[in-house]
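Residue numbers (our numbering), protein chains in the order written: chain A, 7 to 267; chain B, 159 to 573; chain C, 149 to 305.
Take the hints with a grain of salt, since some may be wrong.
[To be verified] The calculated PhoX-like cross-link candidates involving lysine-lysine, where the alpha carbons are at most 25 Å apart (straight line), are: (1) A:K208 to C:K203; (2) C:K213 to A:K211; (3) C:K275 to C:K224; (4) B:K463 to A:K97; (5) B:K281 to B:K213; (6) A:K59 to C:K275; (7) A:K97 to C:K203.
Hints listed in this document are in silico derivations from the structure and should not be mistaken for laboratory results.
Since the model is a prediction, treat every value here as computed from it, not as a measurement.
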Amino acid sequence: MINRRDFCKKTMIMVGGLALPLAAFELFDPKTLRAEKTDTEKVRWVFLVDTHKCVGCGMCVKACKIENETPYDANVTRTWVERYVITRDGKVHIDSPKGARDGFKTGKIDIGGGKFEDIKPEEIDKAFFVPKLCNQCDNPPCVQVCPVGATYQTADGVVLVDREWCIGCGYCIMGCPYGVRFFHPVYRVAEKCNFCYHRITKGMKTACVDACPFDARRVGNIKDPADPVTKIIMTERVNILKEEYGTKPQVFYLGLTKEVK
Amino acid sequence: MVHGEAWTVKELFVYPNEYIYWTIQIVMYPFMTGLVAGAFVLSSLYHVFDVKKLKDIARFSLVFSFALLPVAMMPLLMHLLQPQRGIEVMLTPHFTSAIAAFGIVFTTYAMIVASELWFVYRKHFVETALELRGIGERTFAQHMRHLLFSALTLGAYDISEHALERDEKAVKVLAGSGIPVACFLHGYAGFIFGSVKANALWMTPLMPVIFICSAVVSGIALCILTYIVTMEIRKFLAARKQRLYPKLPSAAELKSAEVQVVTMTAKYLVMFLILAITLELLDLIFRGYTAVKSWDILRSVIYGKDFTNIFVIQYGFGNLVPFILFLLPGLTIRRAVAGTLMVLLGVFMMRWNVVIGGQAFSSSFAGFMHYHLPIWPHDMETYKEGLFGALTVIVTPYVLFWLFNKVMPVFKETH
Amino acid sequence: MKNHVWRPLYIVLAVVVLVLLAQYIIVPKDFGIGERGYMYGWHRKGNEAEWKAVKVKYKTSEYCKGCHRDKYDDIKSSPHAAIMCEDCHGPALDHPKDPPTLTIDYSRELCVRCHFYLPYQTSGRGKIRGINPETHHPEAECTMCHYPHNPKREATR
Numbered sequence: 007m008i009n010r011r012d013f014c015k016k017t018m019i020m021v022g023g024l025a026l027p028l029a030a031f032e033l034f035d036p037k038t039l040r041a042e043k044t045d046t047e048k049v050r051w052v053f054l055v056d057t058h059k060c061v062g063c064g065m066c067v068k069a070c071k072i073e074n075e076t077p078y079d080a081n082v083t084r085t086w087v088e089r090y091v092i093t094r095d096g097k098v099h100i101d102s103p104k105g106a107r108d109g110f111k112t113g114k115i116d117i118g119g120g121k122f123e124d125i126k127p128e129e130i131d132k133a134f135f136v137p138k139l140c141n142q143c144d145n146p147p148c149v150q151v152c153p154v155g156a157t158y159q160t161a162d163g164v165v166l167v168d169r170e171w172c173i174g175c176g177y178c179i180m181g182c183p184y185g186v187r188f189f190h191p192v193y194r195v196a197e198k199c200n201f202c203y204h205r206i207t208k209g210m211k212t213a214c215v216d217a218c219p220f221d222a223r224r225v226g227n228i229k230d231p232a233d234p235v236t237k238i239i240m241t242e243r244v245n246i247l248k249e250e251y252g253t254k255p256q257v258f259y260l261g262l263t264k265e266v267k
Numbered sequence: 159m160v161h162g163e164a165w166t167v168k169e170l171f172v173y174p175n176e177y178i179y180w181t182i183q184i185v186m187y188p189f190m191t192g193l194v195a196g197a198f199v200l201s202s203l204y205h206v207f208d209v210k211k212l213k214d215i216a217r218f219s220l221v222f223s224f225a226l227l228p229v230a231m232m233p234l235l236m237h238l239l240q241p242q243r244g245i246e247v248m249l250t251p252h253f254t255s256a257i258a259a260f261g262i263v264f265t266t267y268a269m270i271v272a273s274e275l276w277f278v279y280r281k282h283f284v285e286t287a288l289e290l291r292g293i294g295e296r297t298f299a300q301h302m303r304h305l306l307f308s309a310l311t312l313g314a315y316d317i318s319e320h321a322l323e324r325d326e327k328a329v330k331v332l333a334g335s336g337i338p339v340a341c342f343l344h345g346y347a348g349f350i351f352g353s354v355k356a357n358a359l360w361m362t363p364l365m366p367v368i369f370i371c372s373a374v375v376s377g378i379a380l381c382i383l384t385y386i387v388t389m390e391i392r393k394f395l396a397a398r399k400q401r402l403y404p405k406l407p408s409a410a411e412l413k414s415a416e417v418q419v420v421t422m423t424a425k426y427l428v429m430f431l432i433l434a435i436t437l438e439l440l441d442l443i444f445r446g447y448t449a450v451k452s453w454d455i456l457r458s459v460i461y462g463k464d465f466t467n468i469f470v471i472q473y474g475f476g477n478l479v480p481f482i483l484f485l486l487p488g489l490t491i492r493r494a495v496a497g498t499l500m501v502l503l504g505v506f507m508m509r510w511n512v513v514i515g516g517q518a519f520s521s522s523f524a525g526f527m528h529y530h531l532p533i534w535p536h537d538m539e540t541y542k543e544g545l546f547g548a549l550t551v552i553v554t555p556y557v558l559f560w561l562f563n564k565v566m567p568v569f570k571e572t573h
Numbered sequence: 149m150k151n152h153v154w155r156p157l158y159i160v161l162a163v164v165v166l167v168l169l170a171q172y173i174i175v176p177k178d179f180g181i182g183e184r185g186y187m188y189g190w191h192r193k194g195n196e197a198e199w200k201a202v203k204v205k206y207k208t209s210e211y212c213k214g215c216h217r218d219k220y221d222d223i224k225s226s227p228h229a230a231i232m233c234e235d236c237h238g239p240a241l242d243h244p245k246d247p248p249t250l251t252i253d254y255s256r257e258l259c260v261r262c263h264f265y266l267p268y269q270t271s272g273r274g275k276i277r278g279i280n281p282e283t284h285h286p287e288a289e290c291t292m293c294h295y296p297h298n299p300k301r302e303a304t305r
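Using the sequences plus the hints, can you model the full thing?
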């Protein structure tokens with residue numbers, strides 16, 4: 007008959023022993039992430055942004071507006087570039103004049119209301135540019151809140167808006183933590199970046215990727231292990247925006263720092 | 159100008175596509191549905207809990223609740239960029255979205271109120287239809303009225319004691335089952351905001367409960383106020399008509415707003431006021447205590463930009479002052495009017511502070527947006543989402559109420 | 149007999165039937181749950197094809213290479229190699245059918261996108277040789293002195 011002490015000892019050992027191999031499955035591993043997708047889809051579009059390389063020329067924004075017929079002068083855009091200037095006093099200055107459609111034509115920071123903030127070059131600790139676009143999240147909160155099924159996610163991961171069905175309530179725009187959605191000024195329905203779905207499904211790249219001369223933007227298929235974008239995401243230190251919201255965004259950033267909003 | 163640009167002023171860093179998209183009509187919508195729910199709950203207090211003193215105000219609340227119902231839909235239709243597609247919420251509802259619940263909840267609630275009204279007024283419909291049928295040569299107007307009232311009877315002409323008893327029982331059942339539906343009608347509105355994780359101010363599990371409580375508060379306050387106003391107007395009109403038609407009941411014979419009824423109803427109002435403010439303060443205290451990432455910008459909005467809107471108008475004039483007014487002994491009609499008006503202001507400001515306040519800061523947490531309500535409309539957009547659009551929504555229930563009163567008279571004794 | 153109490157219920161049922169009828173008539177037949185399930189895939193399937201059919205505007209430099217081999221080779225052997233032709237010349241669309249010629253943008257605004265010098269050492273921008281457009285020949289177009297297809301060479305104008 008086993009006594010109490012032995013029983014406790016043996017149980018502890020058994021549980022501890024079991025926990026070890028079980029724990030091995032819990033470690034986050036990008037390969038597991040890929041395997042976890044139980045669907046048999048061969049394509050899942052992802053994007054890679056290299057903030058070391060972006061110079062803020064705004065060619066991507068211009069190309070996107072023309073390719074996707076977003077009215078050029080309207081103050082909305084499917085993609086944009088943000089400028090971050092961190093000065094010695096620790097303050098972070100951020101702007102994105104017209105979404106960087108015309109690039110950054112001044113060293114002064116646009117703080118809204120027609121006002122600009124002067125920054126002395128010797129005060130700059132670091133400064134960089136961060137392109138932004140729809141993250142085509144794996145758990146898109148914008149799709150979850152659409153009351154009529156006008157926005158949805160395709161099998162290959164792109165979130166689209168049905169212009170014929172959208173009622174223009176704006177719930178999806180409020181639901182996006184990244185601020186990528188807006189009302190199309192002409193069609194008067196919700197609109198956002200869709201990874202140039204008409205291009206990538208034909209084997210082309212997105213307009214912004216083609217337009218960027220500095221290789222700061224890249225689009226790829228995470229399901230294809232030979233894709234150069236996939237290789238970078240798997241092997242280099244990439245980050246995502248606003249991870250705490252649980253949206254599982256699929257735009258990966260190289261050089262993303264704590265100041266980026 | 160893109161939608162939202164006309165009334166948004168950005169400060170510091172705001173994402174390029176961010177504007178204040180949910181404006182005055184989205185503030186009006188929960189305010190109007192709150193009035194609907196509150197009016198219904200008040201009416202149910204009489205029918206279900208047999209609070210006999212509330213009989214007059216109960217019937218009035220029910221009809222007014224029905225007049226408010228189509229108006230509750232108006233702000234949404236004015237807000238939608240494609241209002242003609244609004245019916246899609248009933249055709250292809252996506253139930254993972256709180257807004258999709260609107261179709262079912264709204265229709266259910268409308269059915270319950272309509273059915274309850276039918277049972278309350280069935281005797282009146284039958285009597286009027288039979289009376290009109292008795293007239294040999296009907297004028298066009300009489301003919302139309304006859305058709306309308308015959309249709310409204312739904313073919314149930316039995317108005318014996320027995321049948322009327324059954325009517326009362328049905329009303330009790332409907333009034334009782336309507337209370338949770340009214341709560342749901344307003345709880346889901348709170349859920350619409352509370353479930354948006356992207357908005358740091360909106361996201362809290364307390365939101366549906368806060369909305370329900372303040373909805374009940376607004377409904378009760380509106381009913382008290384409209385009851386007082388309507389009783390006084392009737393006396394005033396009677397005094398004028400008396401000179402022409404001396405046979406009509408005089409102002410002295412007509413009942414004026416009864417202080418006992420008002421005092422009793424005010425007690426319920428105070429209870430819900432306490433509940434509403436407790437929840438709001440709880441939310442605020444928790445936010446300040448836990449101080450998560452969004453607290454810095456929220457603090458500058460709540461204690462800075464919106465300080466007057468929140469603490470002075472909503473909490474001060476909308477909660478504290480009415481609280482004192484209603485609790486001081488010897489409540490007068492005049493004090494009740496002042497109190498209810500302030501409560502309604504407070505409830506409106508609560509909606510405003512949630513909807514507009516939630517968009518006063520950018521999702522970047524590094525910038526602000528200032529809302530300028532369009533006053534004079536210069537196109538459809540600045541009308542619908544401007545002051546005059548809001549006024550249209552406010553005036554319509556009274557127009558509808560006047561129409562409904564002709565078919566379902568509130569002040570005549572029909573039983 | 150209890151039957152008059154149920155009359156409103158008949159109206160309710162009629163309304164429900166009306167809604168179901170409206171659904172049957174108005175909702176497109178291909179509307180339903182997609183591959184991503186009900187939460188993320190509730191949509192009209194035909195819309196996917198509509199988005200795929202959007203007209204492509206930018207054809208990439210490989211398209212231009214077909215007829216403009218000389219300019220293509222010029223720029224590809226210069227520091228401007230990575231800039232696609234359409235960045236400065238606008239989208240090809242159906243060129244040469246429509247439009248027959250693409251615009252050549254001679255404005256300073258275009259070049260200044262990259263060549264406005266910004267002192268950002270932690271970004272690629274700080275490594276691009278640039279000028280202050282307010283002081284560097286503000287009266288002239290850049291191409292008066294610089295050849296954009298190969299900035300190392302002299303201007304051809």
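Q) Is B:K281 close enough to B:K213, meaning Cα to Cα at most 25 Å? A) holds (17 Å)
(Q) So if I understand the rule, the pair passes when the alpha-carbon distance is 25 Å or less; does C:K275 with C:K224 pass? (A) holds (20 Å)
Q.
C:K213 and A:K211 were given as a pair; does the straight-line alpha-carbon distance stay at or below 25 Å?
A. This hinted pair holds, its Cα atoms lying about 18 Å apart.
Q) Taking only the CA atoms, is the gap from A:K97 to C:K203 under or equal to 25 Å? A) violated (44 Å)
Q | Restraint status (C-alpha distance of B:K463 to A:K97 at most 25 Å) | A | With Cα atoms ~22 Å apart, B:K463 and A:K97 stay inside 25 Å; holds.
Q.
Run the distance test for A:K59 versus C:K275: straight-line Cα separation, threshold 25 Å.
A. Holds, because 10 Å separates the two Cα atoms, which is no more than 25 Å.
Q | Hinted pair A:K208 and C:K203, Cα distance within 25 Å | A | Answer holds: A:K208 to C:K203 is near 11 Å, not above 25 Å.
Comparing the model with each numbered hint stated earlier shows that hint 7 is the single one that does not hold.
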